[in-house]
Amino acid sequence: MISNSAAPLRGAAVGSWLRGANINVLREVALLPVLILLIIVGTVVSPAFLTASNFAGIGQQSAALGVVVVGESLILIIGGMDLSLESTYGLAPMVAAWLVVPVSAYGAGTDWSPYLGILVLLVIGGAIGLINGFLIVKGRLNGFIVTLGMTIVLAGLQNGIVKAQTLFSLPGPFGYLGAASVGQVPVSLIVAVLIFVATGLFLRYHRGGRAIYAVGGNPAAARAAGIKVERVKMAVYVAGGILAAVGGLMEAGRVSAVTGQQGYQEGIIFNVFAAAVIGGVSLKGGRGNMIGAASGVILLGIVGDILDLANVSNYWIEAIDGAVILFALFLARVVGGESTAEES
Amino acid sequence: MTSSGQALVEVTGVDKSFGTTRALRGVDLSIRAGQCLGLVGRNGAGKSTLVSILSGLAEPDAGTVRFGGQPAPRAGDIARWQEWIATVFQHSMIVADLSVAENVFLGATPRLVNWREVRARTRDIMSEWGFDIPAQTLCRDLSVEQLQVVEIARSLARGARCVVLDEPTAALEREAAKRLFERVRQLTGGGVAVLYISHHLEEVFEICQDVAVLRDGQLVLTAPTASLSRDDLVAAMVGDVRAPATQRPGAAARPKAGPSQVVLTVDNLSADSHRGRLAGVSLAVRAGEVVGVTGLLSAGVATLGRVVAGAEDTAGGEIRLRGRPVPAGRRDLAQRAGIGYIPEDRHAEGFVAHLGIAENATMTITRQLSSRLGLLSPARRIAAAEPLTSRLSLVSSGPGQPVGELSGGNQQKVTVARTLAHDPSLIVAITPTRGVDVASKELLLGSLAEAAAGGAGVLLCSDELSDLVICDRVIVLVHGEVFTEFTEPPFDRDELIVATEGIAQEAVE
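Line by line, the protein sequences give chains A and B.
Here the first sequence stands for residues 1 to 344, where the numbers follow the working numbering.
Here the second sequence stands for residues 1 to 509, where the numbers follow the working numbering.
Think of the hints as simulated: they come from the structure by calculation, not from any bench.
Keep in mind that a hint or two might mislead.
Here are a few chain B residues that sit away from chain A, every Cβ distance over 12 Å (derived from the structure) [claimed, not checked]: (1) Gln90; (2) Asp124; (3) Ser127; (4) Glu128; (5) Leu138; (6) Leu228; (7) Glu359; (8) Arg381; (9) Arg418.
Using C-beta positions, here's what the derived DEER-type ranges look like [what the hints assert, rightly or not]: (10) A/Arg333 x B/Gly404: 13 to 23 Å; (11) A/Val44 x B/Gln70: 31 to 41 Å; (12) B/Ile78 x A/Asn142: 44 to 54 Å; (13) A/Pro173 x B/Arg380: 54 to 64 Å.
Cβ atoms here follow ideal geometry from the backbone N, Cα and C, with glycine treated the same way.
When you get a sec, could you build the whole thing from the sequences and use the hints?
Here's what the structure looks like:
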């Protein structure tokens, strides 16, 4: 503050490069101690925990959630919120599968090619995002109530279309993303990791990614700097919808079916928000990154796995799961520093 | 001296650091009952920190605060603190949807509220100090000036005998500011101590008996204002070294070019805005020309700037840049066309607080900086920002420092850098020096004059007459219409003031 301008600019070159790229190393690995602790706990709880196949299982189960978390994180960073991702996650694969599978598996009888089905899935995800974005950005409606309403509409459609039946005998290519493995490594995990890395790099090094932070941090300032704020927001809602649909496709492949429960009735949106927030994505916009979001997803995955391995009674598992998430939120707040605090 | 004897508020040896920044160093300050003490200093000199400590919001690292000889309450115990001292901040602390009476007693009502009594006590305070705002009015319906009165009344209602006024005239019109001075005199006359913080030195000379100067966290001067000249005060604020770039950038200093190309044409522009409406404004700005626009707060000065910059929509009329029409209400297209924009309120529109200096300064040129695929390297961003920030003598800990951490003047430099970065052919600057210290002010105005010398047109919309020294012409708006135009610098301050009131020159003479 008292020093003069030019010298410190060069002096702190490395540190400033890091800060210039908006990297705060300490904050980004903030969850690492917690993860290590959980792994120790898991190892103590069950000898089956620290095995490659168990971790492959965690990866496969977390991949679908992770992809949705990427979408929700983007929406949170622009200062929005989308509760309906959980319904998109159910409806998009449901409609796609309905058009693909035979009548005997409760299909529509159209018997479309699975590739066409996947295309339809992506289009549905994008279209839902577009409608949400339109209502919120152009219609200037409150994002919470719009997407809450949308959640219920979509979940209703999901049940209505197939009268609460479960669609099965998904053709190979349709289920490939969720079911296949390369060696021990599930394809869904590979794809999810790629999505995280690509999104992380995009946010950090792409003009569009930086615009997302600017819009979330201060939309008026972003607009004054010539950024097309509305277009950025719309694009992010669309991307969120598409990512939720891809997550849903992974889940459908993993369980080889699309149930009426997938998404909304499983209540996955709580886990989506929890993973993002544990990972340091601010609900007020402008802050958050993919390393954090990924740590949040991994943390929830490991917690779920440990609860499974510990044979916690089914009657109690939700209470314990919820309590662990609340505890993790608190821990993330403590290790994440002041910037993760809510204003009182 | 209106009063003597024991100090009402006494600060001794106060130190305060934030990280490596020493915001205050061994500050001693005392205020007596009935005294109006001015506190001046450049942005970043430590005024805000001192105010936080005096308001009980921050605890000093060392040193003491005493009220009437007693040690001050624990920092953070605002209720007890406010029995002694209360601050009227620049940003209003009024709850708009509550009544005047509720705001005056906000947080100080008993558990069961007797509204009749609260209103009666509000009326008592108002009449005791000669204020005239009905207790039942909703604060939403009050003017900025009246809101300030409510805040002062709130301080007095708590029993505070020392009132800190932080930049109280920043949002006031001239007449309202005069009425404020009257109120300050009433307060001091009634034995209240006032700490008056301002960038406007003439105000300090007008109403403060004494003045204290902070520089780099140290109190460098405390003296009766009568014993000082304006230059003495500026010298104390700035210190011995004045940067070479702080020469006064008068319009006369620039070579007068012949008639150059018209950059901006505004034709019959009208707009409805809560900032003041426009009713058919036409004007033109040539390349290399600085055109000032001034007027009273609601005359439409800021609206004109915002509409030209595309930050606000029009209700009619046309804006042309180099002969090409610019679509109204689209900031992105206006910028693409070559219109730079320095907004009125930098906190609202000037920067993204938690992003770094380099990123904010280059926010307008991400397209140019990024590769064909849109990739943008932080190193390139920093390299692009460096010449801008050093030209504006921006003081920071590095290009990655979040802009929210900077002082007001340095934040404004980031906003200006962001505008200069995209090399606009027209710069719209709205009150670019508001809340900025003297030296930064000259740097900022100098950078605009420099941009004009480089061939840009500048539309400088400001109600601060001291900004207009760099202008080649000044257009005065009254009620959203062009009232008159001054074409020959230097401009006479009094003539300008008279014109902003809508009084024609002939009538005066």
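- Which numbered hints fail: 7, 8, 9, 11, 12, 13
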